[in-house]
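> The primary structure of each chain is shown beneath.
There are 2 protein chains.
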Amino acid sequence: MIAEILSTGDEVCFGAIVDSNAAHIAAILSDMGVEVVRHDCVADDLTSIVTVLTEIGKRADIAVITGGLGPTVDDITAEAAALAAGVPLVLNHTAKSLIENFFSKFSRKMADSDIKQAMLPEGSTPIFNEMGTAPGFIIPIGKCRCYFLPGVPREMERMLDEQVASDIIRCRGSDHISSRTFMLSVFGLPEAVVNDRLKGISSVFPGVKLGMLARFPVIQVKLTVYGKDKDAIHLIGQQAKAWTVDKLGETVFSTEGHAMETEVGEVLKQNHLTIAVAESCTGGLISHMLTNVAGSSEYFLLSAITYSNQAKQNLLGVSSETIEKYGAVHEETVRQMADGIRRISGADIGLSVSGIAGPTGATADKPVGTVCIGISMSGELIGRRFQSPFQERLSNKQIFAICALDMVRRELMRLKIKGKF
Amino acid sequence: MIAEILSTGDEVCFGAIVDSNAAHIAAILSDMGVEVVRHDCVADDLTSIVTVLTEIGKRADIAVITGGLGPTVDDITAEAAALAAGVPLVLNHTAKSLIENFFSKFSRKMADSDIKQAMLPEGSTPIFNEMGTAPGFIIPIGKCRCYFLPGVPREMERMLDEQVASDIIRCRGSDHISSRTFMLSVFGLPEAVVNDRLKGISSVFPGVKLGMLARFPVIQVKLTVYGKDKDAIHLIGQQAKAWTVDKLGETVFSTEGHAMETEVGEVLKQNHLTIAVAESCTGGLISHMLTNVAGSSEYFLLSAITYSNQAKQNLLGVSSETIEKYGAVHEETVRQMADGIRRISGADIGLSVSGIAGPTGATADKPVGTVCIGISMSGELIGRRFQSPFQERLSNKQIFAICALDMVRRELMRLKIKGKF
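For the protein sequence lines, the chains are A and B, in the order given.
The opening position of the first sequence corresponds to residue 836 in our numbering, with each subsequent residue numbered one higher.
The opening position of the second sequence corresponds to residue 836 in our numbering, with each subsequent residue numbered one higher.
There may be inaccurate statements among the hints.
[Unchecked claim] Derived contacts from chain A toward chain B, CB cut-off under 10 angstroms, selection only:
hint, residue
1, F849
2, N1030
3, F1040
4, T1126
Rather than coming from a laboratory, the hints here were simulated on the basis of the structure.
Glycine residues also receive a C-beta, built at the ideal position from the N, C-alpha and C atoms.
Looking at chain A on its own, in the form it has when it is part of the complex (with noise of 0.2 angstroms):
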């Protein structure tokens, strides 16, 4: 069964307002298995619309429509739509007495031009709005049936859940391929190396499809497998991901397609560690992405931001030696910074990150992308460096963040194994 999306409006067309409309219903037939092959966007202009409706009802199977179905001016969609599919545009009695119905809901007065949202092509199916006045409707165009939902994102996506998603079911019938996605999450590599490690797995796993996404510093791998039977799926989907992880080793961070503060979060609660950080460049970023996982006031104590060097030994108690020998950025100067946040905040790990996100700050032995991360834990003193290789502050923020979680993530999985807890 194959699907298209089309988003009309100029609000949409002309670029005022993200279209997040076709990726939740792109998501939501894909969860059911229906193959989405194409979105389209147009403008409200009555030939526009009439012409990629055209279209649509040669390619494909069913189409969800959305936008210009309200009471102004603006609104064609139902005219283009009745144009399309070569029926005249009649005032549908059901969809008048839903329209109605609502209005008296609230005790509200239906103005003239709403009756207008009951005029629909001729052999229409109204789909009633819970949430609004204009109702939806369902009419073949060519060899497509056709869904028409409001642009509003909740009316559209109530109409779409209740109504729509059960009148495909039932038009699909029962022989049907289902799929399913296995997310895992990798840092450290770049994509090009991820794709070369692992653009085998076809040859080995003929039903699994490869897919990449790239949340910056983040790769998410997608595996998804196609197959009539959920046991035979699920078992693919886990062989699939042993191999993968066989093939990335360490740098897979997690299985489930975790963020990375997610994936560390776990890792403290399950040991019942507490953590505490003192952040530089990266300017509260760390403790920021800790923070958005719920329930991290557990596990997360304590950041301090000493962005100036006074700050850094006044607070941390970084010596003014150490400073004036190495500088802020320097293997010496973060191990003080990690010891000294997990001293004053009573926290079992103290991280720590110093370095030069840019544009300024860089010197000749130390260009723009260096950072040192220090760990303080269970009696060991770690300070390592990295170089990033971007220019640009806030990617090199993101990639320090990443890079010092992903370090505390290391070092708890080594210590575990030391037994050191």
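Assemble the complex: chain A is given as a structure, and chain B must be docked to it using the hints.
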């Protein structure tokens, strides 16, 4: 000049991610006075991409296509472009040196699959990608000049701004209605209210088109002025901006469309003031925002993210009686937090935030969305309470952070008027 936009990629087509690229490109082209008539989106499927490109080649004058230029097996857009243009895919030596330069700059080794990114349709002009490995390219398909760009937003946006826009202007020639967009940034009014207050603008200024861009929780008001004469456009733009400020009052925090953190940073820099922040529920977001601005080390000294009550007491010197009597979320608590962080940092301004971002932590008299904000400066100690209508953690963190920075901005204006600095 008629333009179309095409997004390629499984993630976008199947709804795993929302296509924000199309809106961005449409907005940029519309601002340039180019008429965007249609967007399309197809999956990573060779036949689909070739088909759409061929259609676009018959309809549009220019097209911007994003996605599928990387090194992986999914990346088939260049191949599709070659097929649609009816030319072979060949090694482009300019593109190859662009990629080699990118790698050598960071002393990174090129993977085998990276060379694939230099295989372009014969006759293409490469577009330099400063921020990534995949170059873009320009090639005519049918009657349409097609610009192929990577799907990664920050790479795409930079290339569009710096190289594609100027090429479009060059191709377009001189007899052209130009336009200019003036942006204002607004915080503290719902979108519908902003819309109601401004909807009369077209009767006062017939040449001005009103647009609105919600960058939660900030609203950007977009005034597009059309005309042939640059000076006249500028004058009308200034008048329309003044009219808008008159309608929206103090909720307009930037008449240049700046971000809140940029605006606050500007005011601090101009007045040679420094700031330190004590965050609780915002978890580092305020500091992350402030330090996203290049040069922020001039005025941002220190931030403490005191998530636990213990940290609020030990580090910031909040009295245990205050915490016991009022709790962590209270005007008195944030006053002491603000004063504490100002004292230990030596900054001119201490800013503090404590609230309930959710989903947990609410009490009978402090529902999710409650936030207290404190400021200590010029001998004044201020604590205020606000209520956000949202239940969701990240939304509340964002609204609390902007609210805190806006309070700093307003207090600075007030104290400046009073001659306090």
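> Each of the hints needs a verdict: does it hold here or not?
Results of checking the hints against the structure:
{"no.": "1", "hint": "F849", "in the structure": "5 angstroms, holds"}
{"no.": "2", "hint": "N1030", "in the structure": "4 angstroms, holds"}
{"no.": "3", "hint": "F1040", "in the structure": "14 angstroms, violated"}
{"no.": "4", "hint": "T1126", "in the structure": "3 angstroms, holds"}
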